[in-house]
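Asker: The chain contents come next:
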Amino acid sequence: MTSQDNIPPTRAERKQAKRLKRFDNPWMNPKLLWGAGLLLGIIALGIFGRLVWNLDLVFTGSSPLKLPPLGFENLRRQPGVLDHPLGTDGGGRDLLALIIIGAPNTLFVGLLASLIGMSIGIFLGFSAGFLGGRIDDVIRVGADVMITIPPLLILVVFQSAFGDVTLTMMALLIAGFVWQSPTRLIRAQVLSMKQSGYVQMAQLSGASTGHIMFREMMPNLVPYLFGSFIASVTTSIVTAVGLEVLGLGPQRIPTLGRTIYEAINAGALIQNLWWWWGIPTLLLAVIFIGLLLINLGLDEVSNPRLRKLS
Amino acid sequence: MRRIPRDYLLNRLVTLVLTILIAATIIWIIPRLSPVDPAEIALGRMAAGAGSVANSEEILAQLRANMGIDQPFIVQYLKYISGALVFDFGLSTAAFPTPVSTLIMNALPWTLGLMILSLIITFVIGNLLGALMVWERSPKLVKVAIPAAMVFTSIPPILSGLLLMWIFAAKLQWFPLTGAYSIFVEPGWTWSFVQSVLYHGFLPALSIVVVTFGFWALGMRGLMITVQGEDYVKLAEAKGLRPRYILYRYMIRNAILPQITAFALKIGLLIAGQVLVERIFAYNGMGKLLYDAILNQDFPVIQGVSYVIILITALSVFLVDLLYPFIDPRIRHEAN
Numbered sequence: 001m002t003s004q005d006n007i008p009p010t011r012a013e014r015k016q017a018k019r020l021k022r023f024d025n026p027w028m029n030p031k032l033l034w035g036a037g038l039l040l041g042i043i044a045l046g047i048f049g050r051l052v053w054n055l056d057l058v059f060t061g062s063s064p065l066k067l068p069p070l071g072f073e074n075l076r077r078q079p080g081v082l083d084h085p086l087g088t089d090g091g092g093r094d095l096l097a098l099i100i101i102g103a104p105n106t107l108f109v110g111l112l113a114s115l116i117g118m119s120i121g122i123f124l125g126f127s128a129g130f131l132g133g134r135i136d137d138v139i140r141v142g143a144d145v146m147i148t149i150p151p152l153l154i155l156v157v158f159q160s161a162f163g164d165v166t167l168t169m170m171a172l173l174i175a176g177f178v179w180q181s182p183t184r185l186i187r188a189q190v191l192s193m194k195q196s197g198y199v200q201m202a203q204l205s206g207a208s209t210g211h212i213m214f215r216e217m218m219p220n221l222v223p224y225l226f227g228s229f230i231a232s233v234t235t236s237i238v239t240a241v242g243l244e245v246l247g248l249g250p251q252r253i254p255t256l257g258r259t260i261y262e263a264i265n266a267g268a269l270i271q272n273l274w275w276w277w278g279i280p281t282l283l284l285a286v287i288f289i290g291l292l293l294i295n296l297g298l299d300e301v302s303n304p305r306l307r308k309l310s
Numbered sequence: 001m002r003r004i005p006r007d008y009l010l011n012r013l014v015t016l017v018l019t020i021l022i023a024a025t026i027i028w029i030i031p032r033l034s035p036v037d038p039a040e041i042a043l044g045r046m047a048a049g050a051g052s053v054a055n056s057e058e059i060l061a062q063l064r065a066n067m068g069i070d071q072p073f074i075v076q077y078l079k080y081i082s083g084a085l086v087f088d089f090g091l092s093t094a095a096f097p098t099p100v101s102t103l104i105m106n107a108l109p110w111t112l113g114l115m116i117l118s119l120i121i122t123f124v125i126g127n128l129l130g131a132l133m134v135w136e137r138s139p140k141l142v143k144v145a146i147p148a149a150m151v152f153t154s155i156p157p158i159l160s161g162l163l164l165m166w167i168f169a170a171k172l173q174w175f176p177l178t179g180a181y182s183i184f185v186e187p188g189w190t191w192s193f194v195q196s197v198l199y200h201g202f203l204p205a206l207s208i209v210v211v212t213f214g215f216w217a218l219g220m221r222g223l224m225i226t227v228q229g230e231d232y233v234k235l236a237e238a239k240g241l242r243p244r245y246i247l248y249r250y251m252i253r254n255a256i257l258p259q260i261t262a263f264a265l266k267i268g269l270l271i272a273g274q275v276l277v278e279r280i281f282a283y284n285g286m287g288k289l290l291y292d293a294i295l296n297q298d299f300p301v302i303q304g305v306s307y308v309i310i311l312i313t314a315l316s317v318f319l320v321d322l323l324y325p326f327i328d329p330r331i332r333h334e335a336n
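So the protein sequences, as listed, match chains A and B.
Following UniProt numbering, the numbering of the first sequence begins with 1 at its first residue and continues without gaps.
Following UniProt numbering, the numbering of the second sequence begins with 1 at its first residue and continues without gaps.
One or more hints might be untrue.
Derived DSSO-like pairs: lysine-lysine, alpha-carbon spacing no greater than 30 Å straight-line [as the list claims (entries may be wrong)]:
id, chain 1, residue 1, chain 2, residue 2
1, B, 239, A, 31
2, A, 15, A, 31
3, A, 15, B, 143
4, B, 143, B, 79
5, B, 266, B, 143
6, A, 31, B, 140
7, B, 140, B, 239
8, B, 143, A, 31
9, A, 194, B, 266
Derived list of chain B stretches under chain A, where covered just means 3 residues or more per stretch with a C-beta under 8 Å from a C-beta of chain A [stated by the list, open to error]:
id, region
10, 18 to 32
11, 108 to 121
12, 308 to 319
Think of the hints as simulated: they come from the structure by calculation, not from any bench.
Glycine residues also receive a C-beta, built at the ideal position from the N, C-alpha and C atoms.
Modelling step: build the complete structure from the supplied sequences, incorporating the hints.
Answerer: This is the structure we're talking about:
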């Protein structure tokens with residue numbers, strides 16, 4: 001087992017070599033693909049679930065209450081066994097319908113918040129790193145300030161002002177808290193890039209600031225931007241779910257966090273209604289695992305030293 | 001020991017004061033954008049308790065005077081800022097007439113205790129595991145088991161709290177469901193009380209550790225990979241030093257430095273995460289205080305708690321900025 005030097009490759013090894021060759025493109029990283037696959041699965045659940053499942057079940061409380069998922073009851077649910085395959089909550093709402101609506105909602109908030117946060121981060125990070133001076137000082141203090149303020153506080157006022165929040169408002173709010181990390185990152189990268197030869201060449205050749213920023217520097221930032229984007233999606237979803245579980249998110253739109261909040265409030269933990277909070281938690285775990293895999297994959301794409309390890 | 005240059009210290013101090021001042025101003029402005037009148041809420045609470053309240057206009061005026069919200073904004077603001085300097089945030093509107101500072105003083109030790117404990121545990125475990133993931137001599141099991149465990153650490157603390165609570169408190173009943181100590185022991189420096197505190201704090205601390213060690217492990221892994229290729233590690237190997245010695249004294253010691261900066265930046269986020277954990281476990285710290293204040297629209301308490309959180313975060317960033325060059329002699333104090 002220890003020395004395999006002279007043994008011809010087995011079938012499995014040949015297969016793996018072939019597979020490795022096919023994935024020679026660094027972007028065909030298995031972790032990246034698996035992660036993207038998981039997230040696409042959640043999106044597909046939202047799209048195709050809508051087509052095959054009656055979503056009105058989320059709003060009608062006419063189904064039997066606290067019905068466990070298929071396979072966990074004492075099999076006495078004879079008529080219409082398949083009516084509620086994932087069971088129902090304490091209000092008689094179908095959990096499958098809840099997650100078909102809720103899971104893509106959770107993803108939507110995370111993606112939108114990060115897109116906005118990233119745009120702010122790219123703009124401010126570039127300005128701070130490239131222009132420097134007073135502008136840099138202002139942006140740095142601004143970022144410091146935002147790190148210290150708890151998002152909870154601002155959401156509370158949103159809610160008392162508007163009565164309820166929508167998913168988009170939630171995303172906008174969270175975007176206000178995820179821009180400072182990409183800003184910091186891009187600022188640092190831009191500062192070090194400014195010293196590099198090709199940027200100085202471009203400056204000497206009289207290229208405009210915009211040209212240098214977007215045509216010369218931006219392409220080199222892409223791997224960092226991707227990584228930072230995925231990290232901020234994770235942060236946004238953690239924040240959104242946290243607020244929802246506290247009952248501070250949208251109140252009439254089903255989300256995974258909202259469902260967990262309702263379960264906790266109804267004492268589902270003590271009553272052993274594990275599926276009520278367990279199924280949304282499981283879906284959240286799938287989302288987070290997907291994001292983690294993408295992040296690890298991106299790390300390997302942008303850092304060749306890591307590729308050897310896995 | 002090198003001295004901190006005066007320019008650098010001044011620069012950092014100005015940034016610190018500015019950060020705290022702006023953040024404190026923002027948390028003062030935000031509640032004032034809300035159309036909710038805290039006096040009416042307090043009156044509503046009184047009416048709910050007493051059935052009905054006579055002379056409500058007079059009482060409203062009196063309540064407003066008590067809360068100081070009948071004065072012009074600029075007076076209110078100056079009062080707030082000068083009060084914040086001495087930790088005087090006025091009286092709670094929900095637990096009237098308890099001063100906000102009393103509420104905070106009762107809650108702060110719990111939160112700090114829970115946070116420091118879980119932060120140290122998670123920092124040590126996370127960095128050690130991250131280092132072992134890269135180290136060539138680690139057992140295969142370590143290299144497979146840690147990434148697998150990390151998949152479960154990418155969930156928010158509130159969910160790990162729920163899971164742990166369900167398994168260990170509701171199902172197995174090994175640990176209590178809620179509270180920071182048993183209601184049957186008298187608070188004080190007695191062994192039974194300390195025991196009760198540790199017993200009640202175990203699950204909340206664990207739920208924070210479980211979800212944060214992955215962050216440190218991932219960061220450490222990246223840093224270790226960079227350190228691995230450095231000449232001083234190769235030199236140490238060529239000198240024939242023991243591999244374990246190289247790992248601790250050469251690799252981890254160098255790789256861990258940037259993690260220390262991240263440590264300070266993470267404190268604010270951790271407090272926010274802990275708010276959720278404290279709510280789930282009904283643990284009577286700052287998080288629960290903030291949450292209850294939010295439900296009751298108790299703005300003086302919300303402001304006080306937010307201010308303390310801001311202070312802790314800003315101060316930790318400031319301290320790390322000052323101390324970092326002592327930890328890593330290659331970095332020098334530079335103004336800007």
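Asker: Taking the numbered hints from earlier one at a time, note which ones the structure violates and give those numbers from smallest to largest.
Answerer: Of the numbered hints given earlier, those the structure breaks are 1, 4 and 11, listed in rising order.
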